[in-house]
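Visitor: Residues per chain are reported as follows:
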Amino acid sequence: MKKITALMLSSAMMLSLAACGGSASTETVSSEAASSEAASSEAVSTEEAASADAAAVTTVNAGKLTMSTNAAFPPYEMTTDNGDFEGIDIEVAGAIAKKLGLELQVDDMDFDAALLAAQNGKSDMVMAGVTVTDERLKVMDFSDTYAEGIQSIIVPEGSDIATADDLSGKAIGTQRGTTGYLYCTDDFGEENVIAYDDGLTAVQALNNGQVDAVVIDNAPAQEFVAANPGLKILDTAYAQEDYAIGVAKGNTQLLDAINGALEELQADGTLQAIVDKYITAE
Amino acid sequence: MEAQFEALSELVKNGQKLNFGQDFFVKFYQAFLYSDRWQQYIKGVGTTLLVTAIALVLGVVLGAIVAMIRVGYAQQKPHHRNPILGIFNAVAQVYVTVIRGTPMMVQLLIMSMVIFASSRNFTMVGALALGINSGAYVSEIIRGGLMAVDPGQMEAGRSLGLNYMTTMFEIIIPQAIRSILPALGNEFIMLLKDSSLITVIGGKELLYAAQGIMNRTYEPMFPLLGVAATYLVLVMLFSALLAKFERRLAQSDRR
Numbered sequence: 001m002k003k004i005t006a007l008m009l010s011s012a013m014m015l016s017l018a019a020c021g022g023s024a025s026t027e028t029v030s031s032e033a034a035s036s037e038a039a040s041s042e043a044v045s046t047e048e049a050a051s052a053d054a055a056a057v058t059t060v061n062a063g064k065l066t067m068s069t070n071a072a073f074p075p076y077e078m079t080t081d082n083g084d085f086e087g088i089d090i091e092v093a094g095a096i097a098k099k100l101g102l103e104l105q106v107d108d109m110d111f112d113a114a115l116l117a118a119q120n121g122k123s124d125m126v127m128a129g130v131t132v133t134d135e136r137l138k139v140m141d142f143s144d145t146y147a148e149g150i151q152s153i154i155v156p157e158g159s160d161i162a163t164a165d166d167l168s169g170k171a172i173g174t175q176r177g178t179t180g181y182l183y184c185t186d187d188f189g190e191e192n193v194i195a196y197d198d199g200l201t202a203v204q205a206l207n208n209g210q211v212d213a214v215v216i217d218n219a220p221a222q223e224f225v226a227a228n229p230g231l232k233i234l235d236t237a238y239a240q241e242d243y244a245i246g247v248a249k250g251n252t253q254l255l256d257a258i259n260g261a262l263e264e265l266q267a268d269g270t271l272q273a274i275v276d277k278y279i280t281a282e
Numbered sequence: 283m284e285a286q287f288e289a290l291s292e293l294v295k296n297g298q299k300l301n302f303g304q305d306f307f308v309k310f311y312q313a314f315l316y317s318d319r320w321q322q323y324i325k326g327v328g329t330t331l332l333v334t335a336i337a338l339v340l341g342v343v344l345g346a347i348v349a350m351i352r353v354g355y356a357q358q359k360p361h362h363r364n365p366i367l368g369i370f371n372a373v374a375q376v377y378v379t380v381i382r383g384t385p386m387m388v389q390l391l392i393m394s395m396v397i398f399a400s401s402r403n404f405t406m407v408g409a410l411a412l413g414i415n416s417g418a419y420v421s422e423i424i425r426g427g428l429m430a431v432d433p434g435q436m437e438a439g440r441s442l443g444l445n446y447m448t449t450m451f452e453i454i455i456p457q458a459i460r461s462i463l464p465a466l467g468n469e470f471i472m473l474l475k476d477s478s479l480i481t482v483i484g485g486k487e488l489l490y491a492a493q494g495i496m497n498r499t500y501e502p503m504f505p506l507l508g509v510a511a512t513y514l515v516l517v518m519l520f521s522a523l524l525a526k527f528e529r530r531l532a533q534s535d536r537r
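In the order they appear, the protein sequences are chains V and P.
Using our numbering, the first residue of the first sequence is number 1, and each one after it goes up by one.
Using our numbering, the first residue of the second sequence is number 283, and each one after it goes up by one.
Hints in this document: simulated from the structure, not taken from any laboratory.
Please read all numbers here as calculations on a predicted model, not as lab measurements.
The beta-carbon is built from N, C-alpha and C at its ideal position, and this holds for glycine as well.
Check the hints yourself; a few may be wrong.
[To be verified] Think about it this way: if two alpha-carbon atoms lie no more than 20 Å apart in a straight line, the pair counts; the simulated PhoX-like pairs of lysine-lysine are:
| no. | chain 1 | residue 1 | chain 2 | residue 2 |
| --- | --- | --- | --- | --- |
| 1 | V | Lys249 | V | Lys138 |
| 2 | V | Lys122 | V | Lys249 |
| 3 | P | Lys299 | P | Lys309 |
| 4 | P | Lys295 | V | Lys138 |
| 5 | P | Lys309 | P | Lys295 |
| 6 | P | Lys309 | V | Lys138 |
| 7 | V | Lys249 | P | Lys295 |
| 8 | V | Lys232 | V | Lys249 |
| 9 | V | Lys138 | P | Lys359 |
| 10 | P | Lys359 | V | Lys249 |
| 11 | V | Lys249 | P | Lys309 |
| 12 | V | Lys64 | V | Lys122 |
[Stated by the list, open to error] Now the in silico label distances, taken between C-beta atoms and shown as ranges:
| no. | chain 1 | residue 1 | chain 2 | residue 2 | range |
| --- | --- | --- | --- | --- | --- |
| 13 | P | Gln375 | V | Asp81 | 34 to 40 Å |
| 14 | P | Glu288 | V | Ala273 | 42 to 48 Å |
| 15 | P | Gln298 | V | Asn61 | 29 to 35 Å |
| 16 | P | Gln321 | V | Thr145 | 35 to 41 Å |
| 17 | P | Ala522 | V | Ile279 | 20 to 26 Å |
[As the list claims (entries may be wrong)] A few chain P positions that, by computed beta-carbon distances, are all more than 12 Å from chain V:
| no. | residue |
| --- | --- |
| 18 | Ile351 |
| 19 | Pro360 |
| 20 | Glu501 |
| 21 | Pro502 |
Just need the whole structure built from these sequences, with the hints factored in.
Guide: Here you go:
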């Protein structure tokens with residue numbers, strides 16, 4: 001009798017521990033809210049059509065497409081005043097999730113942690129304006145690109161930095177783990193580059209005069225400069241690159257599903273509509 | 283060894299699976315040996331120790347001053363209260379309350395982003411923030427130690443004709459140090475580990491070095507375990523030194 005009680009108690013304990021596995025700081029964004037207006041009217045029909053696909057894809061949380069990101073990267077991902085997420089990546093992910101008949105779940109964390117989350121299977125995919133590099137291809141697989149990025153240089157008005165070459169010997173602020181950080185440490189040496197947890201902090205340091213320039217992706221750079229008078233973006237780009245969705249290495253099933261959905265979104269113009277919504281053409 | 287690493291990482295790139303030993307070797311090599319990455323860790327340890335040392339000295343000095351003020355204020359004769367000491371005591375109390383009542387991380391960010399907004403010496407700003415934080419805790423430890431000395435000691439000293447300061451420095455403080463030491467050692471260890479927080483303001487200490495390497499290799503296990511082991515070794519060295527010091531002070535002990 002005692003043994004049976006012990007067995008039951010221990011199994012109850014295991015169950016209660018298993019329940020702790022769910023991450024606490026996640027936010028479920030219903031795919032309807034995150035998808036573009038054009039697509040929402042046909043929500044029911046697409047979901048029915050996609051149900052065949054959904055059965056084929058296994059995700060980290062059943063029925064949900066979990067996306068890890070760093071929501072301090074406007075306009076690709078940012079938080080709204082009520083704590084929800086919005087941005088190009090969020091909406092594209094929402095549209096993909098709808099195509100696959102899944103619910104989108106957004107996990108917000110530091111950029112380097114977001115990459116690792118997809119790599120280690122804590123999330124299904126990472127979408128955070130991730131650039132495809134050879135080093136990253138070693139540890140994860142990437143979808144087709146869905147946007148183009150440029151590494152821009154932000155400097156204060158009246159700075160003597162006019163081109164990327166002028167950066168040598170200056171203090172450069174970057175976001176930890178981004179390609180901007182990697183390129184700058186390669187080109188100008190570890191001692192001249194300061195890595196911050198997010199782009200906002202780096203720009204804050206630039207405002208304070210703690211760094212001479214910030215190297216970051218062009219789209220967020222535009223937002224930062226618009227919000228901080230006295231800063232400007234140099235006309236010469238530091239680097240050109242392609243954004244893609246990262247998934248765990250070897251997860252070809254999910255990758256094919258994402259690529260298929262991306263292709264459809266590209267074909268029906270949804271992708272362009274989302275990008276246009278956030279980035280006004282110049 | 284380098285050739286072996288190159289060969290194996292070429293295999294990984296081509297999508298081949300390595301066995302456990304090879305996988306371990308590749309990850310270890312790229313985390314510590316590839317392009318002399320161990321030097322980054324060593325540099326990081328240097329900064330960590332420097333920050334800890336500065337913060338420690340600052341913390342002990344600040345803590346001692348604050349503790350002396352508060353004990354001195356509390357031990358005044360009734361009806362003979364010194365107004366200047368009263369002001370100092372109020373300041374000390376506010377300092378302890380504010381510093382103990384706000385998180386270390388917030389204090390660091392305030393120091394870096396608000397108070398020293400134009401300083402580029404992130405390491406020193408970090409050390410200063412850590413030292414000011416530590417001072418509040420150390421002051422309470424020292425105050426406790428001073429209060430724990432039997433009041434009869436002070437009475438005996440004063441009745442032998444020594445003045446307050448002499449009694450304090452020659453009789454009370456030497457006895458207090460013995461009871462303070464274990465708690466102070468605890469605080470030092472906390473300080474050493476808290477120095478890893480200065481990464482958030484751009485201080486390039488041990489954890490910063492590990493994160494930089496993680497971001498290049500996309501492999502977190504070895505850099506993080508390496509850093510954890512380094513901190514552990516440092517703390518163990520620190521504890522051993524403290525134990526030795528305590529034994530030395532306990533030589534004439536009858537308790």
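Visitor: Taking the hints in turn, state whether each one holds.
Guide: Hint check:
In summary, the hint linking Lys249 (chain V) to Lys138 (chain V) is supported, as the alpha carbons are separated by about 8 Å, within the 20 Å threshold. With a C-alpha separation of about 13 Å, the suggested pairing of Lys122 (chain V) with Lys249 (chain V) holds against the 20 Å cut-off. For the suggested pair Lys299 (chain P) and Lys309 (chain P), the alpha carbons sit about 13 Å apart, so the restraint of at most 20 Å is met. Taking the CA atoms of Lys295 (chain P) and Lys138 (chain V), the gap is near 6 Å; set against the 20 Å cutoff, the hint holds.
For the hint pairing Lys309 (chain P) with Lys295 (chain P), the CA-to-CA distance comes to about 14 Å; that is within 20 Å, so the pair holds. Of the pairs offered as hints, the one joining Lys309 (chain P) and Lys138 (chain V) holds, with about 13 Å between alpha carbons and a cut-off of 20 Å not exceeded. This hinted pair checks out: Lys249 (chain V) and Lys295 (chain P) have alpha carbons roughly 11 Å apart, not beyond 20 Å. For the proposed pair Lys232 (chain V) and Lys249 (chain V), the alpha carbon gap of about 39 Å is over 20 Å, so the pair is violated.
As the CA atoms of Lys138 (chain V) and Lys359 (chain P) are separated by approximately 74 Å, the hinted pair breaks the 20 Å bound. A hinted pair counts as satisfied when its Cα atoms are at most 20 Å apart, and Lys359 (chain P) with Lys249 (chain V) does not qualify at roughly 75 Å. As the CA atoms of Lys249 (chain V) and Lys309 (chain P) are separated by approximately 16 Å, the hinted pair is consistent with the 20 Å bound. Between Lys64 (chain V) and Lys122 (chain V) the CA atoms are separated by roughly 13 Å; this keeps the pair inside 20 Å, and the hint holds.
Between Gln375 (chain P) and Asp81 (chain V) the C-beta distance comes to about 39 Å, which sits within the given range of 34 to 40 Å. The given range of 42 to 48 Å is respected by Glu288 (chain P) and Ala273 (chain V), whose C-beta atoms sit roughly 47 Å from each other. Between Gln298 (chain P) and Asn61 (chain V) the Cβ separation comes to about 31 Å, which falls inside the hinted range of 29 to 35 Å. Between Gln321 (chain P) and Thr145 (chain V) the C-beta distance comes to about 36 Å, which sits within the given range of 35 to 41 Å.
Taking 20 to 26 Å as the suggested C-beta distance range, the pair Ala522 (chain P) and Ile279 (chain V) does not conform, at roughly 59 Å. Against the 12 Å criterion, Ile351 (chain P) stays outside the reach of chain V, whose nearest CB is about 34 Å from its own CB. Once the 12 Å rule is applied to beta carbons, Pro360 (chain P) is consistent with being away from chain V; the minimum gap is 51 Å. A beta-carbon of chain V is positioned within 12 Å of the beta-carbon of Glu501 (chain P); the least distance is around 7 Å.
Listed as outside the interface, Pro502 (chain P) is inconsistent with that label: its C-beta sits roughly 6 Å from the nearest C-beta of chain V, within the 12 Å cut-off.
In terms of the numbered hints stated before, the structure departs from hints 8, 9, 10, 17, 20, 21, listed from lowest to highest.
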